[in-house]
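Chain by chain, the residues run as shown.
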Amino acid sequence: MRSSRAEKIKCRVLAAAALLFLTSHAAAQTASTPAAPPQVALCTACHGPNGNSQIPLTPSLAGQPKVFIENQLVLIREGLRDIPQMKGMLDTLKDPELVALANHFSAQTPAKPTGSINQEVFERGKALSAKMLCGSCHLPDYSGRQQMPRLAGQNEAFLAYSMKQFRDHAGLGRDTVMSASLFGLKDNDLADLAHFLANYK
Amino acid sequence: MKNRIALCGALIAVGLSQAIAQTAPPPPAWQQGRGTDQAASPLAPVAGKLTATPVSELPIDKLKLPAGFKAEVWSHGTPGVRAMARSESGKVYVGSRGLGRVYEISDNGKERTSRIVVDKLNQPAVAFHKGSLYVMAIDKVLRFDGIEQNPNVAPVDLTAKFNLPPEQHHNWKYIRFGPDGKLYVPFGAPCNICELPTQEYAQLRRYDADGSNMEVIGRGIRNTQGFDWHPVTQEIWFTDHGRDWLGDDTPADELNRMSKTGLNFGFPYCHANGIADPDVKKDKACEGVTLPVTTMGAHAAVMGLHFYTGNMFPAEYKNAMFIARKGSWNRTKKSGYDVVMVKANADGTNAQMTPFVTGFLDEKTDDFFGRPVYLMQMPDGALLLSDEQTGAIYRISYAKQ
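These protein sequence lines map, in sequence, to chains F and R.
According to the working numbering, the first sequence holds residues 1 to 201 in order.
According to the working numbering, the second sequence holds residues 1 to 401 in order.
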């Protein structure tokens with residue numbers, strides 16, 4: 001797995017390139033197709049084509065529930081959720097623009113997972129998820145709803161990382177119900193869950 | 001909400017369980033109180049909203065009130081608004097949860113504008129007292145002196161004086177100064193249902209304004225998010241949320257009256273009108289427990305309580321209570337999502353509840369359009385009603401037809 005530092009650098013470069021692309025091509029958009037919000041190219045530089053991320057620690061946005069994306073974007077803009085790679089990026093965006101981005105990404109089709117499955121780990125994750133009732137909130141197919149994100153097919157490294165965040169130091173603005181849902185789980189439990197969810201089809 | 005949007009969860013806060021983790025691993029906190037029959041239930045806290053709702057999407061046209069009453073949009077664009085406090089000069093301060101903001105709303109007589117006084121606090125509530133704005137979050141107490149004259153005044157940090165316990169769940173605040181000049185502060189139970197980790201929770205306290213002379217005035221209070229003083233007796237009446245995961249219709253939320261300090265209101269052993277808890281058991285669970293004036297519907301999420309003392313509404317409303325019910329999540333079919341009027345004798349007998357503002361919920365489709373949370377009376381006798389979901393505040397007025 002790439003280190004997160006290398007990832008940050010790669011993302012910044014991509015983002016800069018995307019910004020250039022954006023400014024030179026913004027005028028070329030026509031009104032005939034329902035226009036994607038102008039910032040989308042910037043986002044997909046890190047979050048991947050159509051919001052299907054190819055960078056391990058950067059989450060996919062495709063098919064995430066609209067409310068989840070909206071609320072995360074507000075938390076990120078307000079600095080409650082601190083994402084160094086996105087710092088300042090949303091400063092000038094007003095709520096309707098965030099809503100438009102959420103609409104756009106929630107309407108994209110999530111890519112099917114293609115990674116190789118370690119059956120033993122997968123089964124352990126599956127059993128644990130059933131026991132911990134993860135599907136009662138995230139839905140039994142882990143497609144998410146409302147404020148509860150899609151987990152199925154999300155990047156494995158990101159899932160493991162974000163669960164650790166929730167368990168150990170969920171920041172201001174994060175939902176305490178999620179932190180409480182991970183109570184008592186060890187790092188290797190989180191890894192099992194992440195492998196299962198990332199490969200869930 | 002931290003807790004983003006705060007979702008009132010059925011969950012125990014993590015720290016509590018950590019405290020008991022030395023022994024056998026406890027059941028996952030999230031499952032506490034949730035029976036095996038409920039394991040497949042898809043019920044989960046309702047999503048809050050952090051973005052501003054455009055005026056055109058506010059449910060104002062859907063709201064229904066008794067004849068002669070009218071609701072209009074008073075202000076909007078302040079996501080997550082909860083309890084309000086009004087200063088002498090007429091500025092309205094409002095707390096929130098998800099974004100941890102305190103808003104200041106100014107009224108020039110025609111329109112309202114808002115600014116953020118402070119943000120990134122852990123679920124702050126507000127009170128106004130003798131020229132100062134008091135802001136209390138789960139882990140912080142700030143006082144803004146003379147903020148009306150000096151909008152950028154640096155706050156005085158009173159946190160250390162208040163000795164706030166660490167748990168977060170159900171410890172989001174609602175604060176008020178009482179007729180005695182003391183600051184009243186609830187400390188909820190840090191779980192859906194549990195033996196308390198320490199005795200600092202499930203209680204209502206009062207303090208001197210500077211945080212000294214703390215006194216616990218009531219115990220066994222799971223999660224009160226609203227209280228007011230009876231206009232005649234000056235006794236404090238308060239709402240309290242019942243526990244989750246015992247089924248759609250039990251146990252009910254409560255409206256309580258504190259006839260004297262030191263009473264026990266039942267949590268965790270005894271709920272509603274005397275229902276012994278099936279999980280946290282005790283012999284004679286309801287013995288010595290002060291039962292509610294009336295029950296308020298299971299999972300309805302009773303919030304702000306206001307005794308009406310104005311002259312605008314018809315005489316029958318004088319000294320009646322208005323109570324906002326934010327609405328259920330732990331129920332197959334949604335309920336609450338309204339404001340009710342409760343009339344009762346001063347001693348708590350003969351309580352009658354009638355609908356006052358409805359229309360936030362479409363009972364046929366089970367969709368909701370807003371979540372009414374707190375009421376505040378204006379000098380002209382109109383009521384302001386905050387809607388946490390849409391970030392709007394409505395003004396409710398009456399005119400003879």
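Hints are computed from structural coordinates only; laboratory data are not their basis.
A portion of the hints provided could be inaccurate.
What the hints assert, rightly or not - Per the computed footprint, the stretches of chain F lying under chain R, defined by three or more beta-carbons under 8 Å from a beta-carbon of chain R, are:
id: 1; segment: 38-50
id: 2; segment: 71-80
id: 3; segment: 92-103
Said to hold, decoys possible - In silico negatives: residues of chain R with every beta carbon more than 12 Å from chain F:
id: 4; residue: Gly109
id: 5; residue: Asp119
id: 6; residue: Ala160
As the list claims (entries may be wrong) - Facing chain F, from chain R, some residues (calculated, C-beta under 10 Å):
id: 7; residue: Gly35
id: 8; residue: Gln38
id: 9; residue: Ala44
id: 10; residue: Pro79
id: 11; residue: Ser132
Glycine included, every Cβ here is placed at the ideal spot set by N, Cα and C.
Verification of the supplied hints:
no.: 1; hint: 38-50; verdict: violated (count 0)
no.: 2; hint: 71-80; verdict: holds (count 6)
no.: 3; hint: 92-103; verdict: holds (count 4)
no.: 4; hint: Gly109; verdict: 27 Å, holds
no.: 5; hint: Asp119; verdict: 7 Å, violated
no.: 6; hint: Ala160; verdict: 20 Å, holds
no.: 7; hint: Gly35; verdict: 12 Å, violated
no.: 8; hint: Gln38; verdict: 9 Å, holds
no.: 9; hint: Ala44; verdict: 4 Å, holds
no.: 10; hint: Pro79; verdict: 8 Å, holds
no.: 11; hint: Ser132; verdict: 25 Å, violated
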